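Can you make the complete structure from the sequences, with help from the hints?
So you can see what is in the structure, the chains are spelled out below.
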Amino acid sequence: MEITYLEAIRQALWEEMDRDERVFMLGEDIGVYGGAFKVTKGFLDKFGPERVMDTPLSESGFVGAAIGGALMGMRPVVEMQFSDFIACAFDQIVNMAAKHHYRTGEPVPMVIRAPYGGGIHAGPFHSQCPEAWFFHVAGLKLVAPSTPADAKGLLKAAIRDPNPVIYFEHKYLYRHIKGEVPAEDTIVPIGQAEVKRPGSTISVITYGAMLQHSLAAAERLLTEGIDLEVVDLRTLQPLDMATIASSVKKTGRVMVVHEAPKTGGIGGEIAARIAEELFQYLDAPIVRVAPPHTPVPFSPVLEEAYLPNSDTIAGKARALAGF
Amino acid sequence: MEITYLEAIRQALWEEMDRDERVFMLGEDIGVYGGAFKVTKGFLDKFGPERVMDTPLSESGFVGAAIGGALMGMRPVVEMQFSDFIACAFDQIVNMAAKHHYRTGEPVPMVIRAPYGGGIHAGPFHSQCPEAWFFHVAGLKLVAPSTPADAKGLLKAAIRDPNPVIYFEHKYLYRHIKGEVPAEDTIVPIGQAEVKRPGSTISVITYGAMLQHSLAAAERLLTEGIDLEVVDLRTLQPLDMATIASSVKKTGRVMVVHEAPKTGGIGGEIAARIAEELFQYLDAPIVRVAPPHTPVPFSPVLEEAYLPNSDTIAGKARALAGF
Amino acid sequence: MGVQQPTPTELLNIYYYLKLTRGLEQRVITLYRQGKIVGGVYLGTGEEAIAVGSASALEPSDVIAPTHRDLGANLMKGITPKEYMAQYLAKQTGLTRGRDGNVHFGDITRGIIGFISPMADLLPVAAGVALTFKIRRERRVVAAFFGDGASSRGDFHEALNLAAVLKLPVVFICHNNQYAYSTPLSRQMAIEHVADRAKAYGMPGISVDGNDVLAVRNAVALAAARARMGEGPSLVEGKTMRMRGHAEHDDASYVPPALLEEWRARDPIDRFAACLRDQTLLDDVTAKAIDDRIAKEIEEAVLFAESSPLPDTKDLLDGVYAA
Amino acid sequence: MGVQQPTPTELLNIYYYLKLTRGLEQRVITLYRQGKIVGGVYLGTGEEAIAVGSASALEPSDVIAPTHRDLGANLMKGITPKEYMAQYLAKQTGLTRGRDGNVHFGDITRGIIGFISPMADLLPVAAGVALTFKIRRERRVVAAFFGDGASSRGDFHEALNLAAVLKLPVVFICHNNQYAYSTPLSRQMAIEHVADRAKAYGMPGISVDGNDVLAVRNAVALAAARARMGEGPSLVEGKTMRMRGHAEHDDASYVPPALLEEWRARDPIDRFAACLRDQTLLDDVTAKAIDDRIAKEIEEAVLFAESSPLPDTKDLLDGVYAA
Ligand SMILES: Cc1ncc(C[n+]2csc(CCOP(=O)(O)OP(=O)(O)O)c2C)c(N)n1
Ligand SMILES: Cc1ncc(C[n+]2csc(CCOP(=O)(O)OP(=O)(O)O)c2C)c(N)n1
Ligand SMILES: [Mg+2]
Ligand SMILES: [Mg+2]
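Those protein sequences? They're chains X, F, H and Z, same order as listed. Every letter in the first sequence is one number past the one before it in our numbering, and letter 115, counting from 1, is 115. Every letter in the second sequence is one number past the one before it in our numbering, and letter 220, counting from 1, is 220. Every letter in the third sequence is one number past the one before it in our numbering, and letter 168, counting from 1, is 168. Every letter in the fourth sequence is one number past the one before it in our numbering, and letter 192, counting from 1, is 192.
For the record, the hints were derived by calculation from the structure and aren't laboratory data. These figures come from a predicted structure and were not determined experimentally.
Among chain H residues calculated to face chain X with C-beta under 7 Å, some are:
| no. | residue |
| --- | --- |
| 1 | Gly154 |
| 2 | Ala180 |
| 3 | Gln188 |
| 4 | Tyr254 |
| 5 | Pro311 |
Think about it this way: if two alpha-carbon atoms lie no more than 20 Å apart in a straight line, the pair counts; the simulated SDA-like pairs of lysine to any residue are:
| no. | chain 1 | residue 1 | chain 2 | residue 2 |
| --- | --- | --- | --- | --- |
| 6 | F | Lys41 | Z | Tyr181 |
| 7 | F | Lys196 | F | Gly225 |
| 8 | H | Lys82 | H | Pro309 |
| 9 | Z | Lys288 | Z | Leu276 |
| 10 | F | Lys38 | Z | Ala247 |
| 11 | F | Lys249 | X | Glu276 |
| 12 | H | Lys199 | Z | Gly202 |
C-beta: ideal position from N, C-alpha, C; glycine also.
The following block contains the structure:
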């Protein structure tokens with residue numbers, strides 16, 4: 001049966017809560033209300049108020065509290081109401097959570113669920129893609145699933161991981177995509193990219209909501225004899241360079257596509273690593289497709305111009321194929 | 001007369017305070033104590049407690065207050081005691097300061113002085129290079145001078161700029177380097193890199209404390225027939241791609257060197273832009289020299305192994321020259 | 001310190017703004033149901049007395065830092081119904097030219113610090129505006145609004161503490177509307193009165209009936225007078241009730257209906273109207289004239305907004321930085 | 001709730017830890033002057049009664065979240081002089097294996113949350129540890145220490161509020177040592193007693209003579225008993241004085257000498273010794289035996305630390321992530 005991306009997240013949380021009593025949730029409005037996006041609807045009734053905990057409006061406070069729980073062997077899962085507000089907990093994440101194991105050898109098994117991304121006309125403060133801020137910070141793992149199956153399998157992996165994991169769940173995808181999800185308790189291991197569409201002309205390296213746009217671009221280009229290979233990173237930290245490399249070696253042409261602004265985005269690192277490690281396989285410049293260096297505009301007409309889509313991806317791919 | 005990097009910063013602050021009464025300073029222990037690094041020593045006596053203001057221990061609070069001052073037409077200069085604690089003010093910087101002009105058209109002329117960097121045996125919480133976090137955020141300008149003259153000229157430019165500018169001043173350089181500084185009121189414009197050493201074999205693109213190490217590596221390699229061109233970025237945001245491009249076109253070989261960890265560092269963006277925009281000029285892979293994906297270790301033996309130095313830079317340059 | 005009682009004209013002016021606020025927001029609800037609004041709708045229904053009462057206690061040169069429930073204060077500071085409607089329709093003529101949405105607007109030239117999403121972020125900024133007044137020896141005051149939920153955030157604490165230590169002319173004004181999204185006050189704080197938080201800062205804290213516009217006005221006027229005389233900040237809490245959902249997508253089923261009934265009987269506008277009628281300052285004729293004027297203004301505003309142009313995508317990159 | 005008075009053995013144990021703390025720190029000063037210490041030296045000289053008195057009020061299964069002035073509490077929780085010295089010498093045998101420095105250590109298995117630099121960061125973490133106790137129905141308590149300066153930070157506020165709302169078993173313990181680096185209390189807060197901040201959270205706040213080890217012990221024991229019975233957190237403020245510089249590089253010339261003199265006369269160890277002698281629990285023989293034991297332990301610790309190996313650079317990349 002096909003389920004939505006949101007339902008996949010819900011299932012993963014439910015099953016992990018059921019499986020392991022160390023798992024508990026903290027956040028704003030996740031209890032009675034079931035979360036701003038209703039991901040945790042019904043959890044309070046099932047698991048009770050000590051495992052589904054509404055907190056005061058204090059991101060730094062409850063992320064810190066989750067760290068404390070993790071140190072005591074719990075498996076806290078924190079919900080940011082919007083990933084934009086993760087900025088308020090930045091210090092706890094980068095200074096406390098990320099560095100703790102390195103300093104003390106003690107694991108910090110916790111997950112921060114960060115509903116992120118645009119395309120929902122929500123403007124500069126409810127649309128950001130903040131993953132690059134954390135990508136630079138040693139000690140954190142970052143995942144960003146693009147399909148219901150990956151959403152479920154990666155959330156389970158994140159909850160079972162002994163490290164702080166930021167789980168970027170894309171708000172646009174919540175109810176916009178559906179897909180099959182394995183029935184059993186399936187884990188998608190952290191650190192493994194997946195070729196979502198094999199192809200031969202160009203390696204499109206992407207993640208999050210841009211996967212669908214990249215796949216759509218691939219469909220459109222097929223008739224033009226351009227055959228995109230679409231690599232879905234799924235995990236951003238650590239990067240799966242092996243999968244990237246084997247794709248690049250095959251195609252010799254690379255496009256990195258993401259929704260976060262181009263400047264300082266993760267695409268820079270990917271392009272840089274390819275330019276350093278796979279230079280001899282490259283037949284063309286490495287192209288990045290990503291929004292410009294501005295906040296996310298509110299007005300739909302501006303936001304549409306701001307976000308990459310299958311048009312822009314296809315256009316850039318055409319040019320690259322012809323290089 | 002040669003002055004230290006620290007003295008250059010001090011002079012810039014002093015002269016700007018003197019020149020423009022809208023300039024005032026906020027921070028912890030900057031008054032009587034003169035700042036943790038004594039940059040503002042003597043300022044309280046000269047400019048009084050309303051322009052040299054000791055604040056409670058609250059980075060988010062006083063950065064926010066600086067934003068308020070800026071909105072009212074003042075020119076606040078905030079001192080972080082260590083740039084590591086800028087994480088505590090992250091939300092105010094990225095959500096409030098950075099996006100304000102875009103949203104409202106109102107300028108936010110303020111400077112955050114961020115003493116950063118390692119090499120002083122200060123460990124994971126007093127050695128970080130956090131510039132990449134902000135590099136991804138539209139609306140901020142970032143400068144990171146490497147010499148006394150640039151330190152002075154860029155701080156003046158930063159104070160006069162109508163945007164929020166983070167001024168990364170390197171703690172190791174404070175008292176470790178000296179240089180001539182123009183006597184007059186000289187501005188180093190934001191957004192202009194400088195070729196600190198012309199050369200022909202490899203373009204070394206760097207900033208901060210790594211400039212000195214790169215120059216030292218260049219000296220050593222000269223006898224080996226390897227002639228490094230050392231480009232000092234000086235401004236990180238906006239990047240001066242024109243200067244980078246003209247160097248790359250000349251040498252065809254690029255090394256990016258920085259002290260921030262490699263993964264997700266600014267070097268990724270630079271390499272990516274070169275790989276996209278200057279591909280046809282490249283004769284070799286783009287190499288990045290930067291620390292590994294770990295916190296900054298405390299023990300000097302570990303820190304020395306962690307930080308790039310003229311040895312590691314020269315070694316990588318040799319390999320690259322021979323590609 | 002005595003507070004000047006409002007003249008009949010002032011009272012009618014307050015009445016006008018209360019009604020205009022309610023009317024505009026009612027109209028936005030209709031537009032929202034018609035699918036004409038972009039993004040979410042945040043209303044101050046039932047809380048108008050706090051916004052209008054506070055703003056009516058200020059001098060024209062004073063500054064406000066509003067929340068998402070303070071349309072009334074924005075209007076009194078000079079935001080026009082047209083601008084407001086155009087903002088909600090994400091038009092070029094809106095206060096953020098379509099770059100930001102709904103209540104995220106401001107204009108420092110009219111004495112309004114533009115509201116942004118992260119709760120309590122404006123409080124340190126307000127302190128900074130007040131600091132500027134203090135430095136410049138201007139007898140101006142800042143009225144900084146926040147919710148009960150926002151008072152849990154670190155920035156609330158840092159701002160109030162900073163303002164108290166530096167004796168800044170700020171009046172911190174709390175909409176204690178019993179809820180933060182779905183979170184009731186009892187899950188937000190273990191005290192009954194937000195005003196008690198003032199004790200932590202050594203500033204006066206006073207609780208008033210937030211649905212009594214004159215009680216609010218009086219309390220804010222006293223606090224503002226104190227601030228203006230250099231005696232520092234105060235905290236004024238208005239007890240009120242959020243009468244609608246957190247935003248219009250939220251049916252607020254988590255709020256006990258009886259509670260809403262109870263508060264509906266205390267509607268601040270009905271009460272004030274009754275009081276004006278008691279004083280024979282308002283009769284049917286005057287009331288109708290005001291209503292007619294407001295209806296006309298609202299319809300003109302809607303017309304203006306609907307006929308206004310959308311933002312132009314050619315401006316997509318503009319305005320990120322001040323020149 | 002009564003508090004059990006300490007037995008003679010317990011009293012002598014307290015005396016031992018006070019002296020051991022002072023002795024170790026004195027030795028570190030000497031090592032620092034000899035240039036043998038890596039990095040800065042942060043001491044609790046004169047504040048030992050708060051650390052030791054508090055820790056002596058705890059059960060073995062309780063957890064502490066210390067500050068940089070709490071060596072005594074760390075020792076009572078089982079940190080050995082050898083580990084401490086090796087940490088200060090940045091050796092492999094130090095508690096962070098040279099990865100972090102000085103007082104930045106901990107061991108959750110011994111009930112110590114490792115201290116990190118950003119002030120107040122440990123407070124939300126402590127709340128999370130307490131939350132775990134609550135969820136698991138364990139009758140354990142967390143003692144979370146902080147300074148007067150740290151109480152200005154947002155994380156202090158968010159932690160205390162969260163703990164109060166969730167009724168968590170935490171005792172928040174303030175070293176009110178009159179200064180935060182160079183900043184005196186009057187520039188940190190506009191109230192006299194840090195304990196008054198408790199009023200903002202609806203928790204008991206009590207001020208005690210921080211140089212009276214039994215007064216501290218008593219207050220913390222009462223608060224801990226309360227917490228253990230599920231009645232929630234408390235705030236205990238110990239009034240004391242920072243008797244040395246912020247760290248050893250700081251001569252603290254900004255502190256009026258008379259103030260130091262005044263407090264020197266109240267030295268917590270001298271006072272406690274006199275009290276023990278009054279009760280005839282201590283005589284010259286016992287005192288000498290304890291001093292000798294401590295001297296021996298300290299010398300062994302120094303020997304151990306000096307002869308310990310440095311960290312090995314081959315481990316540079318290890319331990320960033322838990323496996
Ligand atoms: C830092 C932060 N976290 C979460 C949110 C999401 N959010 C928006 S409003 C709100 C509730 C605010 O409650 P309160 O301050 O009481 O204001 P009210 O909406 O009741 O007027 C929340 C949780 C936010 N805007 N900012
Ligand atoms: C968030 C943050 N800002 C600044 C600093 C630098 N700093 C270290 S200790 C200190 C003063 C701390 O004062 P207090 O909390 O009173 O503790 P004390 O040192 O007096 O024991 C400062 C400003 C820091 N460690 N963390
Ligand atoms: Mg509220
Ligand atoms: Mg102190």
